[in-house]
Every structure is written in C-alpha cells, then in structure tokens.
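J.: Here is what each chain is made of, one letter per residue.
2 protein chains.
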Amino acid sequence: MDFPERIEAGMQRALRYATANGCPPILAKALRHAVFPGGARIRPRLCLAVAAACGDREPLAADSAAVAIELLHCASLVHDDMPCFDNAMTRRGAPSVHAQFGEEIALLVGDGLIIAAFETIARETQQTPLLTAPMITTIAKAVGSPYGLVAGQAWESEPEINIAAYHRAKTASLFSGAVSTGAIASGGNPREWLVLADALGAAYQVADDLYDAVGQSDAGKPAGQDSRNGKPNIVASIGLEAALARLKRLVAEAVDSVPDCPGAEGFRAMIRNEATRLMPKTLATSAA
Amino acid sequence: MDFPERIEAGMQRALRYATANGCPPILAKALRHAVFPGGARIRPRLCLAVAAACGDREPLAADSAAVAIELLHCASLVHDDMPCFDNAMTRRGAPSVHAQFGEEIALLVGDGLIIAAFETIARETQQTPLLTAPMITTIAKAVGSPYGLVAGQAWESEPEINIAAYHRAKTASLFSGAVSTGAIASGGNPREWLVLADALGAAYQVADDLYDAVGQSDAGKPAGQDSRNGKPNIVASIGLEAALARLKRLVAEAVDSVPDCPGAEGFRAMIRNEATRLMPKTLATSAA
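Those protein sequence lines, which keep their order, are chains A and B.
Take the first sequence: its letters are residues 1 to 288, numbered as in full-length UniProt numbering.
Take the second sequence: its letters are residues 1 to 288, numbered as in full-length UniProt numbering.
No wet-lab data here; the hints were simulated from the structure.
Accuracy of the hints is not assured; some may be wrong.
Which bits of chain B does chain A cover? Going by a derived footprint, with three or more residues having C-beta under 8 Å, they are [unchecked claim]: (1) 9-21; (2) 77-91; (3) 122-132; (4) 184-194; (5) 269-277.
Straight-line C-alpha distance at most 25 Å; calculated SDA-like pairs for lysine to any residue [unchecked claim]: (6) Lys29/A with Asn21/B; (7) Lys231/B with Thr90/B; (8) Lys29/A with Glu158/B; (9) Lys29/A with Lys141/B; (10) Lys141/B with Gln126/A; (11) Lys141/B with Pro129/B; (12) Lys141/B with Arg123/A; (13) Lys29/B with Pro259/A; (14) Lys29/A with Phe85/B; (15) Lys248/A with Val195/A; (16) Lys141/B with Leu194/B; (17) Lys141/B with Arg13/A; (18) Lys141/B with Lys248/A; (19) Lys141/B with Arg123/B; (20) Lys141/B with Gln12/A; (21) Lys141/A with Asn21/B; (22) Lys141/B with Gly22/B; (23) Lys141/B with Lys231/A; (24) Lys231/A with Gly22/B; (25) Lys231/B with Pro159/B; (26) Lys29/B with Glu156/A; (27) Lys231/B with Ile26/A; (28) Lys29/A with Glu8/B; (29) Lys29/B with Ser157/A; (30) Lys141/A with Phe85/B; (31) Lys141/B with Phe36/A; (32) Lys141/B with Ser227/A; (33) Lys141/A with Glu8/B; (34) Lys141/B with Pro25/A; (35) Lys141/A with His167/B; (36) Lys29/B with Pro159/A; (37) Lys141/B with Asn162/A; (38) Lys141/B with Ala20/A; (39) Lys141/A with Leu194/B.
These numbers were taken from a predicted model, which means no experiment stands behind them.
The C-beta atom is built at its ideal place from N, Cα and C for all residues, glycine as well.
Generate coordinates for the entire structure from the input sequences, incorporating the hints supplied.
T.: What follows is the structure, given as structure tokens:
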C-alpha cells in the first residue's frame with residue numbers, strides 16, 4: 001500500500017473502534033464527519049515518509065503514529081472552529097462539526113479524537129512495546145502544554161503574544177511530532193530530522209497565511225478569517241512578495257536538511273513536489 | 001508515603017511538566033486552578049488501593065495511572081462545567097475554570113489535561129514498558145468513545161437516552177479504569193475486580209444524585225443542577241428513601257466482591273469507610 005492508502009486504512013480502523021456498537025449515534029456520526037473526507041493528510045504522509053526514509057522497520061508502529069497525528073490534527077480543527085475561537089461555520093467545504101452537530105457534540109468529538117489518538121498508538125504497538133512510550137511522549141509534547149498545539153492556541157488569549165513561541169507551538173510542533181515519530185518507528189534518530197521539521201512547519205504556517213490572504217480556501221478554512229479574528233498573519237505583517245520569498249527559502253532549507261539515509265533522494269523529491277501543493281494555486285507557478 | 005501524599009506528589013509533578021518554563025502564563029494558571037486544590041481524589045485512591053491489595057509491585061506505574069485518572073477526571077469537570085453543558089459558575093467552592101478564565105482557556109485546559117494524562121503514563125513507565133500500552137488502552141477505554149466519559153456525556157445529546165449505557169459510561173467507566181489499572185500495575189488480573197468497580201461506580205452515581213437532590217455541594221457541584229439542566233437523577237425517579245437503600249446495597253455488593261488477595265481485609269474496611277464519605281452528611285448516620 002502507498003502512504004495515502006495506509007493512512008486511510010488506519011483512520012478507518014481507528015474510527016471503527018471509536019464508533020463501535022453501543023456508541024451514541026450522533027457522536028458516532030460527528031466523529032466520522034470530523035475525519036472523513038480528509039484534507040491533504042500532510043502530517044501523516046510526512047510521518048510515513050520519514051519512517052520509509054529510515055527503512056520502515058516497524059510499519060505498524062509508523063502507521064499508528066501517522067494516524068494518531070492526523071486524529072489530533074482533526075481534533076484541533078474541530079475545537080478551533082468552535083464559537084469561542086474562530087467561530088468557523090465551514091471546514092473543507094462542508095459544515096464544521098459544531099455548525100452541523102452543535103457545540104456540545106463538537107467539544108466531545110475533539111476530546112474523543114484526542115483520546116482515540118493515544119489509544120491507537122497503545123493498541124497498535126502491543127507487539128513493539130519499546131516504541132509505545134517514546135512515541136506517545138513525543139506526540140503528547142507536540143500537541144499539549146507547554147509547547148504544543150494547546151499552548152499555541154492559548155497564546156491567542158495572552159495580552160502579550162510571544163510570536164515565535166506561538167507559531168512554533170501552533171504549527172511547527174505537530175510537524176516535529178510527525179517527523180520524530182516517523183524516525184522513532186524505524187529506529188532512526190529523531191534529532192537528525194528536527195531542522196527539516198522546523199523548516200516544513202514554518203513553511204506550512206506561511207502557506208496557511210497566504211491562503212488566508214489570497215482567498216483560496218481549499219486548505220479548509222474560509223479566507224480572511226485571521227484578520228476578522230485579530231490573529232497574527234505573516235502576509236499582513238511583511239506583505240505578499242516577502243511572504244512568498246520566505247516560503248521558497250523555507251522549502252529550500254527543508255530540502256537541504258534531509259539527513260543521509262537510504263531514502264534521502266526520494267524524500268527530497270517529495271518535498272519539492274509538496275512545495276507546489278502547499279501554495280495557493282494562483283501563486284504556485286511563480287514560486288515552484 | 002500514604003495514598004493522598006503519593007497522589008498529590010504525582011499531580012504536582014504532572015503539572016510541573018505541563019506548565020514548565022515557556023508555557024503561556026494564563027494557561028499555566030488555569031491548568032493549576034483545574035487541579036488544585038483537589039476534591040476527594042476518590043478514583044486515584046481507589047487505583048492505588050487496588051494496586052496495594054495486589055502487592056504494589058510497580059508503585060511508580062500505579063502512581064502514574066492514579067494521576068492520569070485524576071487528570072482526566074479534572075478535564076471532564078472543566079469541560080462539563082462549560083456553558084454548552086452545565087454552565088456551572090462554581091466548582092469545589094471556587095469559580096469554575098471558564099468562569100474565571102473564559103471559555104477559550106477552559107476548552108484548552110481540558111484538552112491539555114487529557115494529553116497530560118497519557119503523557120504521564122508514558123513518561124513514568126519507561127522503566128516498565130510492558131505496562132505502558134495495557135494501562136493506556138484501559139484508561140482510554142474508560143474516558144473515550146464508545147463506552148467512556150465522552151460517550152456518557154454524548155448520550156445527553158441524543159433524542160432517546162440509553163440510561164444504563166449513560167450511567168455506565170458517565171460514572172462507572174472511570175471507576176473501572178481506576179480499578180483495572182491498579183490491578184494491571186501490580187500484575188493482578190483486572191477482570192477479578194470489575195464487579196467491585198461496577199458496584200462502586202454505581203454507588204458513586206447514586207451518591208452524586210443524592211448530593212444534587214439534598215443540596216450539599218461539598219462534592220463540588222451546586223445543588224439542584226440536574227433538574228435545572230434536565231438531566232436524569234435517580235432521586236427524582238425513585239425517591240430519596242429508595243435511592244439511599246440502593247446506595248447501601250451497592251456498597252455491600254462492593255465489599256462482598258473484593259477478590260482474595262493479600263490486602264483484601266484492609267480493602268474491605270476502606271470501602272466501608274468510604275461509604276460514609278460518599279453520603280451527604282445529613283444522611284450519613286442513617287445509612288452507615
């Protein structure tokens with residue numbers, strides 16, 4: 001199976017457990033709505049790509065990490081869309097979870113997906129028990145407090161925002177988690193991959209801000225939302241051209257930082273392809 | 001150290017990690033507010049008591065399970081208190097997290113505590129790796145979907161509520177998780193303890209409903225909240241006297257179901273003491 005197939009199979013399996021017989025029917029429906037159809041699944045693909053570059057020694061463990069990371073990403077989108085944050089009524093061209101199922105269910109869907117993420121790793125690594133704790137602590141760090149997604153979102157409630165810490169926590173951390181667990185699952189050294197993860201995470205943040213500014217919402221969220229919500233946006237602060245230049249520089253940095261490993265060349269090619277995908281379509285030709 | 005000391009030391013340690021240097025300051029304050037000062041810490045005490053009854057073979061693992069369970073309990077209280085659910089302005093005699101810090105932070109505190117719970121187990125079982133996955137899957141089952149706390153809360157959004165599934169998921173499941181992980185941490189058989197967990201969980205649900213009806217809120221939540229929120233309450237459906245009788249019967253059942261083990265007698269005595277604590281003070285003498 002290629003990466004997308006492994007990811008979707010793993011997501012389906014995780015959701016079968018979470019919505020098994022006896023689940024409150026509305027919750028089950030909402031859990032699936034939050035996860036299918038997916039977006040670009042960029043973080044789990046990155047996780048599997050690093051695992052493959054390191055030799056894919058424990059594919060089941062790598063799959064579980066990829067699925068956990070995507071479940072956590074989906075959970076964060078559900079909670080971020082809620083009225084107390086972005087109050088976004090659509091996501092990936094469909095109603096957001098709270099718009100369709102109400103706030104109560106959206107809150108519970110997020111909680112349930114967070115739990116399902118850790119449960120997935122624990123369940124799928126019973127045959128590779130030395131990987132369970134390192135993968136879970138790595139992912140927890142990427143999404144929790146003080147340095148992960150939760151902290152990133154919480155910076156928005158501070159009177160003085162630490163912009164570097166904010167972006168690192170809100171975007172780069174989950175890329176780091178994806179890269180690190182991919183390496184761990186294959187016996188690689190996650191530290192060798194951290195420069196790459198930081199560069200890709202920062203690139204993705206710039207791309208997300210470009211989408212918001214240029215008004216193409218195929219990444220999932222409606223355009224212009226950042227300024228409506230008073231959120232920091234790099235295009236607003238340095239301008240479109242400088243933001244595009246930064247994106248190109250970050251992608252080049254990511255390509256250069258791929259460590260020596262059996263799959264290094266294929267991995268570099270993948271990043272270059274990904275760079276085009278990352279950009280709003282009207283800008284892609286000028287930056288490719 | 002006795003159980004309460006082990007629990008508080010573990011909770012402090014978990015919160016030191018979650019609020020370490022670099023944490024957004026409001027988030028750090030709110031995380032602590034959600035956890036300290038604690039309530040009765042009944043679930044983690046139960047976890048450690050079962051571990052002790054089974055010989056306390058891996059006290060660090062048992063401590064991590066106890067802490068994780070209490071962090072998850074605190075997370076569920078923070079989310080349950082939010083406006084879209086109970087809209088409770090106080091908890092344990094202080095402002096609830098959303099009342100003091102706002103909805104955004106309350107949402108993030110709940111998420112952060114859920115993540116910290118799994119992180120704690122993974123971090124503290126690195127020396128006992130064969131326990132990591134079984135403890136995490138057991139606890140995830142107790143709090144997630146389809147059978148744990150998340151599902152229990154979600155039943156309240158269904159047009160037709162399955163009362164048995166609702167109570168099992170909303171209250172009994174976390175007691176089961178506490179008992180099961182206590183046994184697992186000491187090499188015991190969690191299945192031998194499940195009747196006890198079910199009886200105690202059901203007893204606690206009745207006690208909680210009694211508190212709500214009788215109007216003594218030292219368990220944490222304001223009285224009369226169930227009827228205001230249209231929630232099922234056993235006192236409302238079978239009356240005060242029958243509810244008290246059921247509580248007594250459940251406690252007796254719990255005492256009878258303690259399996260043969262080195263610490264069985266001490267454990268039975270603990271349950272009898274706990275029964276008095278469980279009851280609203282004005283009713284305790286008549287039921288002891």
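J.: Each of the hints needs a verdict: does it hold here or not?
T.: We went through each hint and held it up to the structure:
1. A stretch counts as covered by a chain when three or more of its residues have a beta carbon under 8 Å from one of that chain; for the segment 9-21 of chain B and chain A the count is 4, and the coverage holds.
2. Counting residues of the segment 77-91 of chain B whose C-beta sits closer than 8 Å to any C-beta of chain A gives 4, which meets the bar of three, so the coverage hint holds.
3. Note: the segment 122-132 of chain B has 7 residues with beta-carbon separation from chain A under 8 Å; the three-residue rule is met and the coverage holds.
4. A stretch counts as covered by a chain when three or more of its residues have a beta carbon under 8 Å from one of that chain; for the segment 184-194 of chain B and chain A the count is 0, and the coverage is violated.
5. Given a C-beta distance limit of less than 8 Å, the hint that chain A covers the segment 269-277 of chain B is violated, as 0 residues qualify and 3 are needed.
6. Proximity of Lys29/A to Asn21/B is assessed by CA-CA distance (about 40 Å); at most 25 Å being required, the pair is judged violated.
7. Of the supplied pair hints, the one linking Lys231/B and Thr90/B holds, its CA atoms being roughly 18 Å apart against a limit of 25 Å.
8. Of the pairs offered as hints, the one joining Lys29/A and Glu158/B holds, with about 12 Å between alpha carbons and a cut-off of 25 Å not exceeded.
9. Taking the CA atoms of Lys29/A and Lys141/B, the gap is near 19 Å; set against the 25 Å cutoff, the hint holds.
10. Proposed proximity of Lys141/B and Gln126/A is supported: the alpha carbons are some 16 Å apart, at most 25 Å.
11. Straight-line distance between C-alpha atoms of Lys141/B and Pro129/B comes to about 19 Å, which keeps the hinted pair within the 25 Å bound.
12. A threshold of 25 Å between alpha carbons decides the hint, and for Lys141/B with Arg123/A the separation of about 11 Å falls inside it, so the pair holds.
13. A threshold of 25 Å between alpha carbons decides the hint, and for Lys29/B with Pro259/A the separation of about 40 Å lies outside it, so the pair is violated.
14. Restraint check for Lys29/A and Phe85/B: the C-alpha separation of about 20 Å stays at or below 25 Å, so the hint holds.
15. Distance restraint check for Lys248/A and Val195/A: the Cα-Cα separation of roughly 16 Å lies within the 25 Å cut-off, and the hinted pair is therefore satisfied.
16. A hinted pair counts as satisfied when its Cα atoms are at most 25 Å apart, and Lys141/B with Leu194/B qualifies at roughly 14 Å.
17. This hinted pair checks out: Lys141/B and Arg13/A have alpha carbons roughly 16 Å apart, not beyond 25 Å.
18. About 44 Å separates the Cα atoms of Lys141/B and Lys248/A, which puts this hinted pair outside 25 Å; it is violated.
19. At roughly 20 Å between alpha-carbon atoms, Lys141/B and Arg123/B fall within 25 Å of each other, so this suggested pair holds.
20. Straight-line distance between C-alpha atoms of Lys141/B and Gln12/A comes to about 18 Å, which keeps the hinted pair within the 25 Å bound.
21. Proposed proximity of Lys141/A and Asn21/B is supported: the alpha carbons are some 14 Å apart, at most 25 Å.
22. As the CA atoms of Lys141/B and Gly22/B are separated by approximately 32 Å, the hinted pair breaks the 25 Å bound.
23. Straight-line distance between C-alpha atoms of Lys141/B and Lys231/A comes to about 37 Å, which puts the hinted pair past the 25 Å bound.
24. Proposed proximity of Lys231/A and Gly22/B is supported: the alpha carbons are some 20 Å apart, at most 25 Å.
25. Restraint check for Lys231/B and Pro159/B: satisfied, since their Cα atoms lie roughly 13 Å apart, inside the 25 Å limit.
26. Pair hint Lys29/B plus Glu156/A holds up; C-alpha atoms about 15 Å apart against a cutoff of 25 Å.
27. The hinted pair formed by Lys231/B and Ile26/A meets the criterion: a straight-line CA distance of about 18 Å does not exceed 25 Å.
28. Restraint check for Lys29/A and Glu8/B: not satisfied, since their Cα atoms lie roughly 39 Å apart, outside the 25 Å limit.
29. In summary, the hint linking Lys29/B to Ser157/A is supported, as the alpha carbons are separated by about 13 Å, within the 25 Å threshold.
30. Simply put, Lys141/A and Phe85/B have alpha-carbon atoms about 29 Å apart, too far for the 25 Å limit, and the pair is violated.
31. For the proposed pair Lys141/B and Phe36/A, the alpha carbon gap of about 22 Å is at most 25 Å, so the pair holds.
32. With a CA separation close to 40 Å, the supplied pair Lys141/B and Ser227/A exceeds the 25 Å bound.
33. Pair hint Lys141/A plus Glu8/B holds up; C-alpha atoms about 23 Å apart against a cutoff of 25 Å.
34. Among the hinted pairs, Lys141/B with Pro25/A is consistent with the structure: their alpha-carbon atoms are about 18 Å apart, no more than 25 Å.
35. Between the alpha carbons of Lys141/A and His167/B the distance comes to roughly 33 Å, so the proposed pair goes past 25 Å and is violated.
36. With a CA separation close to 14 Å, the supplied pair Lys29/B and Pro159/A stays within the 25 Å bound.
37. Our distance criterion of 25 Å between C-alpha atoms is broken by Lys141/B and Asn162/A, whose separation comes to about 37 Å.
38. Note on Lys141/B and Ala20/A: the hinted pairing holds, with a Cα-Cα distance of about 12 Å set against a maximum of 25 Å.
39. For the given pair, Lys141/A sits about 33 Å from Leu194/B by alpha-carbon distance, which is inconsistent with the 25 Å threshold.
In the structure shown, a violation is registered for the earlier hints numbered 4, 5, 6, 13, 18, 22, 23, 28, 30, 32, 35, 37 and 39, in ascending order.
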